[in-house]
Amino acid sequence: MKVLVAVKRVVDANVKVRVKPDKTGVDLANVKMAVNPFCEIAIEEAVRLKEAGVVTEIVAVSVGAANCQEQLRTCLALGADRAILVQTDADVQPLGVAKIIKALYDKERPQLVLFGKQSIDGDNSQTGQMFAALAGLAQGTFASKVSITDGKMTVVREIDGGLQTVSMTLPAVVTTDLRLNEPRYASLPNIMKAKKKTMDIVTVADLGVDAAPTFTVLSVEPPAARKAGIKVTSVEQLVDKLRNEAKVIA
Amino acid sequence: MSTLVVAEHDNTALKPVTLNVLAAANAIGGDVDLLVAGAGCRAVADQAAHIPGVSKVLLADHAVYGHQLAENIALLVAELGAKYSHVLTGHTTAGKNFLPRVAALLNVAQISDIISVDSVDTFKRPIYAGNGIATIKSNDPIKVLSVRGTGFDPVAATGGSAGVTAIDRVHDAGLSMFVSEQIVKSERPELTAAKVVISGGRGMQNGENFKLLDGIADKLGAAVGASRAAVDAGFVPNDMQVGQTGKIVAPDLYIAIGISGAIQHLAGMKDSKVIVAINKDEDAPIFQVADYGLVADLFQAVPELERLL
Chain A
1 MKVLVAVKRV VDANVKVRVK PDKTGVDLAN VKMAVNPFCE IAIEEAVRLK
51 EAGVVTEIVA VSVGAANCQE QLRTCLALGA DRAILVQTDA DVQPLGVAKI
101 IKALYDKERP QLVLFGKQSI DGDNSQTGQM FAALAGLAQG TFASKVSITD
151 GKMTVVREID GGLQTVSMTL PAVVTTDLRL NEPRYASLPN IMKAKKKTMD
201 IVTVADLGVD AAPTFTVLSV EPPAARKAGI KVTSVEQLVD KLRNEAKVIA
Chain B
1001 MSTLVVAEHD NTALKPVTLN VLAAANAIGG DVDLLVAGAG CRAVADQAAH
1051 IPGVSKVLLA DHAVYGHQLA ENIALLVAEL GAKYSHVLTG HTTAGKNFLP
1101 RVAALLNVAQ ISDIISVDSV DTFKRPIYAG NGIATIKSND PIKVLSVRGT
1151 GFDPVAATGG SAGVTAIDRV HDAGLSMFVS EQIVKSERPE LTAAKVVISG
1201 GRGMQNGENF KLLDGIADKL GAAVGASRAA VDAGFVPNDM QVGQTGKIVA
1251 PDLYIAIGIS GAIQHLAGMK DSKVIVAINK DEDAPIFQVA DYGLVADLFQ
1301 AVPELERLL
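Chains A and B, in that order, are what the protein sequence lines are.
The first sequence runs contiguously to residue 250 in the numbering used here.
The second sequence runs contiguously to residue 1309 in the numbering used here.
Bear in mind the hints are in silico, worked out from the structure with no lab data behind them.
The beta-carbon is built from N, C-alpha and C at its ideal position, and this holds for glycine as well.
It is possible that part of the hints are untrue.
Unchecked claim - Derived CB-CB ranges, DEER-like: (1) A:LYS23 / B:LYS1273: 20 to 30 Å; (2) B:THR1012 / A:THR203: 44 to 54 Å; (3) B:LYS1137 / A:GLU236: 46 to 56 Å; (4) B:ASP1283 / A:GLU236: 49 to 59 Å.
Stated by the list, open to error - Short derived list, chain A residues pointing at chain B, Cβ under 10 Å: (5) LYS99; (6) ASP106; (7) PHE131; (8) GLY136; (9) LEU188; (10) ILE191; (11) VAL220.
Turn these sequences into a full structure, and let the hints steer you where they fit.
Dropping the structure here:
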């Protein structure tokens, strides 16, 4: 079966981002970019399903500017068979991305669509679920275990308070949580091979999708700074401060 | 203008986060209806009817909603929500699961994890692990919002007397099935609602050592949390994780034990009123946000702290 994996280009998880002085957003000039960590887990899961003989073809897709090709190449080096970039310089919001993936889904007809549970830039946690609703599919969100047998998928989900197991018919959607797997690193031979794999580039208009934004970001400001704290020298002093200065314990 | 709030509950009792979501709904203004969808959840609706400021409680009591399967709940909420100007629920794993489906079915955006209401269409929310606070104006006819509980002080739980209206719409998408659930039973308060949280990190070294935190938690009535490093290392279960991709907490007192303070962890706790950090590495980033830092070996400091409390 075929699997579609949606991936996003985001700022690297180790970068401390700063808000731009004009408050129009965060400063991404000369900042290291990467595949969103949860999307990397999604790619890894697809590769493992292929290694297990469940999946036959992995198609990595992304929506964004031309430089998203870098992240799609990474996915190809990690084991995706081919890639599709829906190239646009416009701001595409989660519902727009979901509609674009839906259009690709209709063309590709995969049995499984994998997403990261959230991107570490917008922190929205929406796109996979929105796509699932648009496509009328079941979803296993925040997955920490996925197993597929006889056209049925069982997903263990990380929920507040513990774990929930749900089963669903395919095709279906999975959004990945941290503990689903530990992504591998791309080997040098695989990075070389990835350069020869197919990457199709299409536009939003080609797909006939209206992905216009429906909300406006008026400003982005830095969070309120915490005032500098102090170092205490002993547990006694700490307890005294908590009791008599901060007054947070009795 | 009217708001539909989707209650979070376990078919027996309302989850406290619903009171925070109602506070956000009150900040928007207009009538507020509260939907209780579940199975055998009449008691939850009766409890909800006592919340002041709720105009009416809508009770959808049917087996198809029993396990809050997103595919079914979203169909119900989208159908009911189409008549409202705002649809709200908590930004919890339950809310995150179904609400984006509702937004997609209504063909509108969702504004996730709002921490304040500026006006009926403008909201603030953290982005980039809380390193930026975005002010967002929705241009959609229906505003679908998930609410960060710690961003709003809860409304009172009693004092009101709303009517309960039964909703007989049964939406079974027939796509998914509940199999089982493993819920960690705990006598302690819920992480996101606790006044005091004590969390352990990689410095705890193993799961057994987390018992060191129990004594302090008992004395302070605290919830026990953990950093991602401690969860990934298998010391404790995932539902204890505090951080960007785990739970967001903002207690009166947060005590970080053996936690270095990665950006992703800070995103989950830096809105706490008072932060205490105990770590043997004096350069640990956690000290940059701590009101009171103690450079010490936790295996000596923690038992001593317990004794002195």
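**OP:** Of all the hints given earlier, name the ones this structure violates by number, lowest first.
**Re:** Failing hints, ascending: 4, 6, 9 and 10.
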